[in-house]
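> Top line first, the protein sequences correspond to chains G, W and X. Just so it is clear: in the first sequence, position 107 is 107 by our numbering, and no numbers are missing. Just so it is clear: in the second sequence, position 477 is 477 by our numbering, and no numbers are missing. Just so it is clear: in the third sequence, position 65 is 65 by our numbering, and no numbers are missing.
Bear in mind the hints are in silico, worked out from the structure with no lab data behind them. Think of the CB as a built atom: it goes at the ideal place given N, C-alpha and C, for glycine as much as any other residue. Please note that the accuracy of each hint is not assured.
Restraint ranges, calculated between C-beta atoms of paired labels, are given here [claimed, not checked]:
| no. | chain 1 | residue 1 | chain 2 | residue 2 | range |
| --- | --- | --- | --- | --- | --- |
| 1 | G | 89 | W | 429 | 47 to 57 Å |
| 2 | X | 237 | W | 542 | 53 to 63 Å |
| 3 | X | 175 | W | 322 | 31 to 41 Å |
| 4 | W | 209 | G | 89 | 48 to 58 Å |
| 5 | X | 199 | W | 325 | 34 to 44 Å |
| 6 | W | 31 | G | 44 | 18 to 28 Å |
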Amino acid sequence: MGLLTAGWTVVHLIVATSLLPLYGLVLGFHALPGVIAQQVLRLPWVALITHGVAALVACAFVPTMAGRYLMVAVLFGGVQEGVSALTRYRHWEPWRFFLSAAATGVLLAVPMWLFLAAESLSGWAAILFVALFIVGPVAWTAVGLGVGTGLTRAGITRIRR
Amino acid sequence: MPVPASAPDAAASADGIPLPLLRVSDLSISHDGAEAATPSGVSFEVGLGEVVLVLGPSGSGKSTLTLALNGLIPQSVPATLHGSVQAGGLDTASASVAQLSPHVAMVFQDPDAQLVTGTLLDEVAFGPENLRLPVAEVLARTEHALRRVGLWERRDENPDVLSGGGRQRLAIAAALAMGSPLLVLDEPTANLDPVGIEEVYRALADLVAAGDHAIVLVEHNLDAAIGFVDRVIVLDAAGRLIADGRAESVLRDRAEELHELGVWLPTSALAALRLRRAGYVLDPLPLTPDDLRDALAEHPPVPAGSDASERDPRPAAEPAAVITGLTLRRGRTEVLHDVSLSVPAGSFTAIVGANGAGKSSLLLALAGVIEPPRGTVRIGGQDVARADPGQLPGMVGFVFQNPEHQFIAHTVFEEAAHGLRRQGLGEEDVRARADDLLDRFGLADKAGQHPFLLSGGQKRRLSVGTALVAGAPLLALDEPTFGQDRARADELLRLLAGLRAEGVTVVVVTHDMQLVSEYADRVVVMADGRVIADGTTGEVFDDAALIERAGLRLPPLRRALSGLAQHPALARATRLADLPGGDA
Amino acid sequence: MTLPATDPFAPAPAAGALRFLYRLNPLSKLAAVLPATVALVLVRDIWTPLVFVALAYATLLIGVRFTRRLAAMLGLAIPVAVAVIGLTFSLWTDPSRVAGTAAVLEIGAWTLRAGALATGYATALRLAAIIALALVAGLSTTGPDLARSLVQQLRVPYRIGYTALAAFRFVPRFAYELEVIRQAHRVRGSGSGRGPLRGITRWIGYVVPLLAGAIRHAERVALAMDARAFGAYPDRTERYLVPFRARDVVFVAVAWAVSAAALVVFLPR
Ligand SMILES: Nc1ncnc2c1ncn2[C@@H]1O[C@H](COP(=O)(O)OP(=O)(O)OP(=O)(O)O)[C@@H](O)[C@H]1O
Ligand SMILES: Nc1ncnc2c1ncn2[C@@H]1O[C@H](COP(=O)(O)OP(=O)(O)OP(=O)(O)O)[C@@H](O)[C@H]1O
Ligand SMILES: [Mg+2]
Ligand SMILES: [Mg+2]
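Next comes chain G alone, as it looks inside the complex (with noise of 0.2 Å):
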């Protein structure tokens, strides 16, 4: 049950997503919903159903995005899942957090970096580009911890975990 009310967790993360001009923008944005899952209820497996469930209600509103919501879904949930699993899901401190961060970014700025030419930039450009990239999910990833913290100062994980 846990699992089910965690998916959910996400499905708001969408709601706020989807109002936030920024969305589709900062791909970094794509973190929160992991990161305040895990950050709200600590266990094994939220990072990714929050992640699934957010994508497939992304998916509904903006078909079009499906396929990138599925990968951005499958990366972000993958990598954070898999950081916490590889510390046993013990380790719950913000390091951890901006380091799966860190991982996604470098995971992202691959492809982007082919799709985009971005061997065209000028240096500086191409230094900011991948820069950027890292910057963008470990910026939303402190946003993520503020919510999520300020979620467990309002009681809520109480509820049920």
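Got chain G; can you put chains W and X with the ligands on it based on the hints?
Below, chains W and X with the ligands alone, put in the same frame as chain G:
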């Protein structure tokens, strides 16, 4: 794993004696983290055809009990359960919720929280599909269930287009489709307007009349439920079972005791208790408006000992707020058409009307939450549209339906201090006045807590307090008693009455007609974005045709008393407080 | 409550026999465009994306209902986007890489060269091609069908798939809740002040009440679903089958073959 198609035959013991549909023995439940068990040591049985009403004060464990009946406690909600619950011969501790679902079906309070699909048909089919029934069987059950609640014709529509009452009937159909003979409903009408409530009870009454179901019902609104319940179970504040018997006998013989306990009684019974003290002989105690009416019709007139307390007619002072020719658009639709209205200072004004009539929109514009066109809304002589945002909180306080929406700080103290800081007071002043406010609203010992962790009643008090902290002389509240039990609603209304005594003007939007007639001195009736009546509470409720036209219902006391020729003193009464018999 | 602007449950529009895309499995549509999409990430010329734009347009014009929205998207939105993105991308291009090509525009010391334009427009066209290919699935698939086919063909646990279906209903509710929360915060005076920083702190203030309400709501929904035996068995009766038929196989095969052919023919060697 095959699942029995329908349960009644399963509920027979080996020697052929029918088992009760439900047997609860010595049941105690503690939520994880809770100190005491509620309910505690409860035993009862329910047989086919019975309609059982569960009563008890808030927190006595009624909802907890209902969740235990189909195994959601302890299987989905973490809680410790002692004793046992058997439904259709299965023990809820060992059988899964799914195995139990053909024996016990549930309907919850919020229709939005139990609808999961895109059409009525899919919605009702959802449960049978989960049971892996063959498609033909799923469709047969779905059709049967939808027909029983009168929604079959609308099967292809999206549940969103149904009214609140319609959605709740849909939830009942979804429960019926599980094929279970026992239906458990937890406050199924708490969020509905009067017409919606009637719809739901009509559907339930049809079920009961057919005789193939039993119902366990938790309900605060006894006026609506009393007509069709035949048995009552009462829990006390500690969750112990203190009464179990026929509805009439429990409610009649132990009315005083239940009232003491904080359990709500039908308005007619409360009225009758009061009249008894004034020398009326009302035996047996009337429970419905019709009972009371009949009893009084045969009753010889009683000399009015003490005068029915007249509602103090307030002098028409300077109006607190004036609305002139307000036409308001939200999105692309015009939701208010040329509304004009004056709210007398010091009044308690209620805005009533059916769903979608524009009540909330009017209130939001009045308080400047949605900016009205210039010159249409004036508070204390000042144009709301021209007031700058910093000024507004000092002119009018607005309390939203869900208090959690308006909390912005991390502690109760900060919440109270926020409005004061914005006035630019010194830190010492802020501290003193915030403490003072919390004291006044009984929240002093919660100052360090997160506002979300307060109880429902405390949240509500805090939201009212923060709306008033800037010293606004006008307080606007949107459905302040929505989703709250009667005890908390009462607490809030006493608070409002107290504020009013201090000179605050109060405007509320509500669906609760008895509340209106108890507390409001002015009533504004809205329909389709227009004000169709505006007058004193007495005047408005005297016009039964108007009330009907607005999609509303008269308050129960009115229904019982209006036009009682031989008791002229009573015929004018609309509030319990108007009746002779003094304070309960 | 007001009705949602987009109803994710709305049935697919009725369409004539020619409009074949509606009758295909959502997964086959996604699979059909996948190789082309991946290839487009890697190519660098202008012709390959152009060919795929053309192929996608043709498929769309035949396969989905012709609406004003489709016309606006294909005829206006995508071309304009290409024009704008191509230009901005060329501005970003490293001048030293295209130094040898002809100058198109000179403003003071700054020169826009044909090479830069070529790179920029190649990227923009790749984007356009990928979006046009995504529309093949996007314009003819509904969210619920996609969720169902994920469950039915890809064996995604149905608890996740159908949870998402249930979650579609949340979205309009949250749009409404968000509006109320914004109003409430404005009334409390937390929204005063301007500037991006204030804006951000304001949004953070909305998130906690919004999510808290949402999670509570989700829990109630979860209980109600459990009470109706959701998740009780490893599978459930499917009344709406989203089958993967022979025609899906054919469609995917043809799409892959055409993609391969286009790549072979047009990829510059
Ligand atoms: N999920 C939960 N976790 C912890 N405690 C809970 C939970 N739900 C209810 N409780 C506590 O259990 C007790 C009984 O609550 P319950 O909701 O059953 O009361 P109720 O009789 O239905 O009240 P109401 O009339 O207000 O609906 C209360 O003290 C409540 O605070
Ligand atoms: N934000 C909005 N945008 C567009 N239309 C709206 C908006 N809010 C409400 N409406 C519409 O305005 C009309 C009046 O709504 P309002 O909320 O004022 O009614 P109400 O009388 O408060 O109803 P209820 O009893 O259901 O709360 C309705 O038809 C509603 O659909
Ligand atoms: Mg309850
Ligand atoms: Mg309203």
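> Hint by hint, say whether it matches the structure.
Going through the hints against the structure:
{"no.": "1", "hint": "G/89 with W/429: 47 to 57 Å", "result": "holds (50 Å)"}
{"no.": "2", "hint": "X/237 with W/542: 53 to 63 Å", "result": "holds (56 Å)"}
{"no.": "3", "hint": "X/175 with W/322: 31 to 41 Å", "result": "holds (33 Å)"}
{"no.": "4", "hint": "W/209 with G/89: 48 to 58 Å", "result": "holds (55 Å)"}
{"no.": "5", "hint": "X/199 with W/325: 34 to 44 Å", "result": "holds (35 Å)"}
{"no.": "6", "hint": "W/31 with G/44: 18 to 28 Å", "result": "holds (25 Å)"}
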